[in-house]
Amino acid sequence: MHWRVWSLISGGVAAVAVLLGTVGAAHAAMMPPAAARAGLAVVQAHCSACHRETAPGHFARISEERKSPEGWAMTIFRMENVHGVRLTQKQLRTILRYLSDVQGLAPSETRAGRFALERRPNHPILKLPYNLPVMCGRCHSLARVALTRQPASEWRKLINFHVGQFPFLEYQDGSRDIRWWKIASTQLPAKLAKLFPLHSAAWRQWRNRPRADLAGVWIVHGDMPGRGDYYGTALIRRRSWDRYRARYVLHYANGAAFNGSSDAIIYTGFQWRGTGTLGGKPVHEVYFAAANGSRIRGRWFLAGHSEIGGDWDAARTTGAPKVMAVIPSALEVGTRQRLILVGRGLRGGVDLGPGTKARILVRRPYGLILSVRVNAHAAPGYRTVRVGGVRSRDLLAVYRRVDHLEVEPAFAIARLGGGTLAPVDAQFQAIGYTNVLGAHGRVSAVRLGAMPVTWSVAPFNAEAAKRGDVRFAGTLRQDGLFVPAEGGPDSKRQFSADNTGDLYVVATRRTGKTAVVAKAHLIVTVQRWIKPPIY
Amino acid sequence: MNLKFLVPVALAGLLAGCGSVLSPGHASHDFIVTGAAPDHLFVINPRTRKVVSDFTIPDAHDYVSVIVPSPNGKVAYVLVNRTRSIAGINLRTGKEVFRANLESPGERLTCMYAFDVTPDGKELIVYVYRTRLEIDQYKVQAPRFLIFSTAGGLHAKPLREFPAPRRVQMVLAKKDGRSFFAIGFNLYEYDLKTGRLIKRRGILDWHRPHHLRPDMLAFWPVTEPTGIFSSPVYSTLTGPGTPSGGVPETSLLTLNLHNGHLAYHDIGRTDALIFSTVIGPQRKWAYGAYTQLTKIKLDGAHWRVADRVNLPHTYYSVNISPNGKDVYVGGTMCDVIIYDARTMREKGDVRLPGCDDQATATLRVIERR
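Heads up: the protein sequence lines correspond to chains P and F, in order. Read in order, the letters of the first sequence correspond to residues 1 to 535 in the working numbering. Read in order, the letters of the second sequence correspond to residues 1 to 369 in the working numbering.
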């Protein structure tokens, strides 16, 4: 399901339905009249046999819900696979775009669930009130809930659908010891409708806003755990009222190329869903544009390995001068280094504070490349970066030593591979901190960023040691990537158990005779056979 | 404590009477009946450790789960077709002699693993979830008990229907033939003819001093050879002498199908999971299976774990020979292993040909002359 839905959502090369000649009208509302008419026509032709058009353009159930593009894609997928709806690829795209635009979510309504759309690995489930963590969070990340808007009557129908389709949910751990159905069918609909209602001021305002034009030159900064920072420029060209093509000229921190390109569809005026390549690898992009079109942020991830990806932050080259990022974000005393200031309008000299000397090597569209010397007695701590009249705090630190490390994420889940399913890897990074003595003798920890370390694994407890989890569960590479073993019964293990494991991931940084060590907890567990776009 | 996963399971039925059913002077032998995806029903001779019959269940749709043998051991009723059908297979010929496709106009019916055959072998009691399928929505309906005649043929329709509570995981016919039990939030006893609720006793809301609310997922209602159903129940012991937060404790629930007596016995701290249990014919020992085979001593009021051995892999279902000498474990993968009930040593194993996966198929024991 995963890949079919993705090819449907994103603006990949298979994209068909490009409606031209309506750009002017795009500023009038969420979608141009011709596209709206096309979408409505598909709904009337293919959905209204069951979802009756009770008033012009108003369809039973469909018009009572608002969702993300991924949410609508899952619904359409289910209608095809369970209820026999037959649509061409063009009709699929038309209907998906139509529903995402006219029955979509306002930016503020997507905020809580963006982590799920962005496929951020090891993100904790949402904190929602009432008994929702037990009632829904046993199976869902709760982003699925938080990315849906509907009245109590529709929430009730959704709950009925759940039991009708998955009757054994009442017997599962966490629900069989409570009166799940009674709670779900009586208390829950009103509570959900209060939290996530169909009608909202945010949506009323957003749906009438003109679409921002995202074309232009953008400065990009991002971080790919395991590989580090990258930076550069993006050239975004508009192909139609909702479609863009982007070219990326990017670099890793060491200057190596990390170029790419993408084709994207903008849903609901702000949700960028792209498909393309980065560094030669196929990727998907889930980004969100600011309401005024001045910034695009989100996460990209590898096709087939959504756990591997990076943050994406793009700002226009035009606008008030600012420093977006400093790469690297920490400088050791007594060194000379290449430093990149990513930002715009960076004119004038650079000052990184006492004990440092910065020289501009070259000016680029995305910022400045500097040579910086930090003398041996420079004071550790955060530095204010001054470029001409621009001042930025907390983007750069100076350190004498790494006092402690933290492994991020502190808790991760990896999944075994095998058969038709790729393993789900777990990427770790070791974040260094230095202690700085502040006012009134208070010591504060200054974050230095990802540090090169030696990686190893250890059993999490005596049981894990007894089972030999370290030997069976997989391999931790020296870039912090844990690659799980193959799934399925392993005759070499006790009980022919799967190659699951309960492990510590250990980062060790040695300086001379001293070592700084940090640990994270890694569970290596079984495959996830159902891979919907939103859990 | 909770079981980690939903492991749907199988249900029980009854043998010819109970453990003391064998008439003296008539030699009879026990056979193991079990199933496996995609559509197998196996009869195994435990003495030769051979599969003596490998029947194909029609329209099983890659799904073979709960197995209930008729009291005379001649027919096995099998939940197939992803819980939407019960097929009756003649255990000598392999012929399908009964079929109830659970359907109702405009409704989706699902047997929630819970069904049994009456002691006279004439009726099947089937617990179903119902969902009304409307043009653009599903409507959950109250569950029901459907009573079928086992003589209903290949297009069996229910003779009677009764309202039923939600979340029932097992149905067990009482030996007097007049009522049946349903295990869910509570233990319910219903009149077989009228569906009248005769008695309700707490399971989830049990009243046991120093025991917190229990967790039970008994889909393995094997009742042979004693006529007593048993199941592990997981709880937490609190009170004087226990650390804060309590101690995880495993108990054994027993329900005597002859007299309806319900009892709980603690068997010890929960050091290992047990998915299903069986009571031995002399009622001195019980056995439980999962990744280990656990032997439980039933010493008057004091029951305790007496022995535990590792199994080659996970087994969901356990059963025992009528003489109590051999313990059988099966389910999950594609083999059945025979253990010496006294020494807990492996005596032999049986590989199931053409088996994709036994999964939740029940392991039943029948007797043949």
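Careful: at least some of the hints might be erroneous.
Unchecked claim - Straight-line C-alpha distance at most 30 Å; calculated DSS-like pairs for lysine-lysine:
#: 1; chain 1: F; residue 1: K139; chain 2: F; residue 2: K50
#: 2; chain 1: F; residue 1: K139; chain 2: F; residue 2: K74
#: 3; chain 1: P; residue 1: K492; chain 2: F; residue 2: K193
#: 4; chain 1: F; residue 1: K193; chain 2: F; residue 2: K284
#: 5; chain 1: F; residue 1: K122; chain 2: P; residue 2: K182
#: 6; chain 1: P; residue 1: K531; chain 2: F; residue 2: K284
#: 7; chain 1: P; residue 1: K127; chain 2: P; residue 2: K90
#: 8; chain 1: P; residue 1: K194; chain 2: F; residue 2: K139
#: 9; chain 1: F; residue 1: K139; chain 2: P; residue 2: K191
#: 10; chain 1: P; residue 1: K492; chain 2: F; residue 2: K157
#: 11; chain 1: F; residue 1: K284; chain 2: P; residue 2: K182
#: 12; chain 1: P; residue 1: K466; chain 2: F; residue 2: K295
#: 13; chain 1: P; residue 1: K194; chain 2: P; residue 2: K127
#: 14; chain 1: P; residue 1: K90; chain 2: P; residue 2: K531
#: 15; chain 1: P; residue 1: K466; chain 2: F; residue 2: K157
#: 16; chain 1: P; residue 1: K182; chain 2: F; residue 2: K139
#: 17; chain 1: P; residue 1: K194; chain 2: P; residue 2: K182
#: 18; chain 1: F; residue 1: K139; chain 2: F; residue 2: K175
#: 19; chain 1: F; residue 1: K295; chain 2: F; residue 2: K347
#: 20; chain 1: F; residue 1: K157; chain 2: F; residue 2: K74
#: 21; chain 1: F; residue 1: K284; chain 2: P; residue 2: K492
#: 22; chain 1: F; residue 1: K347; chain 2: P; residue 2: K466
#: 23; chain 1: F; residue 1: K50; chain 2: F; residue 2: K325
Because the hints were derived from the structure by calculation, they are not lab data.
Consistency of the hints with the structure:
For the hint linking K139 (chain F) to K50 (chain F), the alpha-carbon distance of about 48 Å lies beyond 30 Å, and the restraint is violated. With a C-alpha separation of about 39 Å, the suggested pair K139 (chain F) and K74 (chain F) falls outside the 30 Å cut-off, and the hint is violated. A hinted pair counts as satisfied when its Cα atoms are at most 30 Å apart, and K492 (chain P) with K193 (chain F) does not qualify at roughly 54 Å. Of the supplied pair hints, the one linking K193 (chain F) and K284 (chain F) is violated, its CA atoms being roughly 35 Å apart against a limit of 30 Å.
Between K122 (chain F) and K182 (chain P), the direct Cα distance comes to roughly 35 Å. Violation of the 30 Å bound is thereby established for this hinted pair. Restraint check: the Cα-Cα separation between K531 (chain P) and K284 (chain F) comes to about 48 Å, which exceeds 30 Å; the hinted pair is violated. Using a Cα cut-off of 30 Å, the hinted pair K127 (chain P) and K90 (chain P) is violated, with the two alpha carbons roughly 38 Å apart. Of the supplied pair hints, the one linking K194 (chain P) and K139 (chain F) holds, its CA atoms being roughly 23 Å apart against a limit of 30 Å.
Taking the CA atoms of K139 (chain F) and K191 (chain P), the gap is near 20 Å; set against the 30 Å cutoff, the hint holds. For the given pair, K492 (chain P) sits about 50 Å from K157 (chain F) by alpha-carbon distance, which is inconsistent with the 30 Å threshold. For the given pair, K284 (chain F) sits about 41 Å from K182 (chain P) by alpha-carbon distance, which is inconsistent with the 30 Å threshold. At roughly 23 Å between alpha-carbon atoms, K466 (chain P) and K295 (chain F) fall within 30 Å of each other, so this suggested pair holds.
Annotation: proposed proximity of K194 (chain P) to K127 (chain P) holds, straight-line Cα distance about 16 Å (limit 30 Å). Note on K90 (chain P) and K531 (chain P): the hinted pairing holds, with a Cα-Cα distance of about 24 Å set against a maximum of 30 Å. Our distance criterion of 30 Å between C-alpha atoms is broken by K466 (chain P) and K157 (chain F), whose separation comes to about 55 Å. Only pairs whose Cα atoms come within 30 Å are accepted, and K182 (chain P) paired with K139 (chain F) is accepted, the gap being roughly 14 Å.
For the proposed pair K194 (chain P) and K182 (chain P), the alpha carbon gap of about 19 Å is at most 30 Å, so the pair holds. Taken as a hint, the K139 (chain F) and K175 (chain F) pair is broken in the structure, with Cα atoms around 36 Å apart against an allowance of 30 Å. Using a Cα cut-off of 30 Å, the hinted pair K295 (chain F) and K347 (chain F) holds, with the two alpha carbons roughly 16 Å apart. At roughly 22 Å between alpha-carbon atoms, K157 (chain F) and K74 (chain F) fall within 30 Å of each other, so this suggested pair holds.
For the given pair, K284 (chain F) sits about 36 Å from K492 (chain P) by alpha-carbon distance, which is inconsistent with the 30 Å threshold. A hinted pair counts as satisfied when its Cα atoms are at most 30 Å apart, and K347 (chain F) with K466 (chain P) qualifies at roughly 27 Å. Distance hint between K50 (chain F) and K325 (chain F) is fulfilled; the C-alpha atoms sit about 18 Å from each other, no more than 30 Å.
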